[in-house]
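Visitor: Residue numbers (our numbering), protein chains in the order written: chain A, 439 to 559; chain B, 41 to 171; chain C, 40 to 323.
These aren't lab readings, by the way, just hints derived from the structure by calculation.
Being a predicted model, the structure only gives us computed values, none of them experimental.
Wrong hints could be hidden among the right ones.
With the Cβ distance kept under 10 Å, some of the chain B side facing chain A (calculated, not the full set) [stated by the list, open to error]:
(1) L50
(2) Q57
(3) G59
(4) R126
(5) N145
(6) S146
(7) I149
(8) P150
(9) L151
(10) G153
(11) G155
(12) I164
Each residue gets a CB set at the ideal place from its N, CA and C atoms; glycine is no exception.
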Amino acid sequence: MVLLKQVASYLAMPIFVVDADGALVYYNEPAEELLGYRYEETGLLPLETWGQLWAPTDAQGDPLPPERLPVAIAAREHRPALDTLWIRGLDGVTRRITITAIPIDGRTSEHLGAMAIFWES
Amino acid sequence: MAQKPIELILLKDLVSQLGYPVIMVDAKGTVVYFNEPAERLYGRRYDDTGELPMADLGQQNAPLDENGEPLPVEQLPIMVALRERRPRQGRLVIHDVEGKAHHINSTSIPLDGQGGTLLGAMAIFWETDRK
Amino acid sequence: MKLTLWGTRGSLPSPRPGTARYGGNTSCVQLEMADGSVVVLDAGTGIHRLPDFSGRTTRVDVLLSHLHMDHILGLGFFGALFQPDIEVHIWGPPSTTLDLHGRLTRYLSPPLFPVRLRDLPCKLFLHDAPRGTFDLPGASVTADLVCHPGPTLGYRIAADGATLAYLPDHEPALGAESFPKQPEWTSGFDLMAGVDLLIHDAQYSEAEYPTHVGWGHSSICQAMTLAESAGVAQLVAFHHDPNHNDSLLDRLFAEAARGRDWPFELIPAQEGSRLTLGRQPGGR
Chain A
439 MVLLKQVASY LAMPIFVVDA DGALVYYNEP AEELLGYRYE ETGLLPLETW GQLWAPTDAQ
499 GDPLPPERLP VAIAAREHRP ALDTLWIRGL DGVTRRITIT AIPIDGRTSE HLGAMAIFWE
559 S
Chain B
41 MAQKPIELIL LKDLVSQLGY PVIMVDAKGT VVYFNEPAER LYGRRYDDTG ELPMADLGQQ
101 NAPLDENGEP LPVEQLPIMV ALRERRPRQG RLVIHDVEGK AHHINSTSIP LDGQGGTLLG
161 AMAIFWETDR K
Chain C
40 MKLTLWGTRG SLPSPRPGTA RYGGNTSCVQ LEMADGSVVV LDAGTGIHRL PDFSGRTTRV
100 DVLLSHLHMD HILGLGFFGA LFQPDIEVHI WGPPSTTLDL HGRLTRYLSP PLFPVRLRDL
160 PCKLFLHDAP RGTFDLPGAS VTADLVCHPG PTLGYRIAAD GATLAYLPDH EPALGAESFP
220 KQPEWTSGFD LMAGVDLLIH DAQYSEAEYP THVGWGHSSI CQAMTLAESA GVAQLVAFHH
280 DPNHNDSLLD RLFAEAARGR DWPFELIPAQ EGSRLTLGRQ PGGR
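So that you can see chain A by itself, here it is in the shape it has in the complex:
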């Protein structure tokens, strides 16, 4: 996880890191800009809380429950997940975002969580 945070801190894409339960344990500076909060302000956030911060919806405009977010799928089902959804930022603007989430599983099968990378479509 230390290495993952280092990697995330140097990449320019918004990156969120969650633990095995989907709780948000770290996000980098580009993610802070997207979220509207600094990591020092929020600290660890449970999935049910941070998953709703941007009111995610699917293509039909239906709300997406936290457990359907790609990062939750990656963390809980231990497989990569990719999806496109709409979120409302703190500026009130609705954005179409593609989220790619990959599980962080070690070579001896220890499951640490997942990382999600956001792209504004």
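Guided by the hints, dock chains B and C onto chain A, whose structure is given.
Guide: Just chains B and C now, kept in the frame of chain A:
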């Protein structure tokens, strides 16, 4: 050989510790690293191949698309992700050195460094149960 | 190029009788080029010991490796900032979201500091250091990101026919299955390759490092291994742990150097010590 960007260095160290196959290419599409699970999938060791063009790695493993048609290198999800600078997911079939077919899901993401620099791309492979 | 090590301690200022020789001030190195140009590396508490530049120069450049407190704690007490006839250029690591002014202001503003950046008498210029090579008066500088928590730069400085690399906080062994790694896969390698003098993080003993993996620092032996791999001529072992007193540091460095011939000169950093590289001031 010039030092790799720090982002790729750290990512390589991370990828080397993951339990599923991952390959990394640089901004030119050269394969700069693939981890141990990827070595088992390809049946080749990175220490033996070193860096190599994606075309060489792809060609030797005869990738096929979902319909069983040969998949040109430029259509591999990782190369599409690199070229179009967007994530790409796809299903493909690759063959190891013994000719055994592996049905895999590939999730590929471009890697952007600070200042908008394109560093490369990485692909995570997941074998499906489909035969 | 003349170097003066004004602060050699890492993490926390550690002044006490037992640290008098290696020093208790945190990271700060003064460079003076043959043409009189001045570059300061980091602004730890050691910056307070820099001489008065009034009348000696009209410009000082401060290169910050990163913004952890031990590397900026002395900035508000840097005399040149309070001299109206001096230009002070501060260079720091880039950020994707906030410029250097915004990040420094988090410290140099109330309630943490009574003086605001905008109220400083000097002519102040803040720069996000580019990744790559740029010129300063009297020197050519190459900057690149290195392995340490948070955006952190290492610097390579060429001046007066000599080269110096400054990587005070650096953990190139993080995540490595074996160390040293291949040069092209080693953080900071290009910055330090073949330099006359490398100033590098050497905070921990070998016994301490395993319980400090991921903290962003190197052991003494890792620094030495890296220096050998990079082909440097001299290694200044820097950023001493605040818990290490003088006698312990003497022992650690003696142990590290023992047992084999190293192809470089090992210089344990001591506060106040001076070194000279290349052409000297006055063209000598």
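Visitor: Run every hint past the structure and note whether it holds.
Guide: Results of checking the hints against the structure:
no.	hint	verdict
1	L50	holds (5 Å)
2	Q57	holds (6 Å)
3	G59	holds (4 Å)
4	R126	holds (6 Å)
5	N145	holds (7 Å)
6	S146	holds (9 Å)
7	I149	holds (5 Å)
8	P150	holds (8 Å)
9	L151	holds (7 Å)
10	G153	holds (6 Å)
11	G155	holds (7 Å)
12	I164	holds (5 Å)
Checked against the numbered hints above, the structure breaks none of them.
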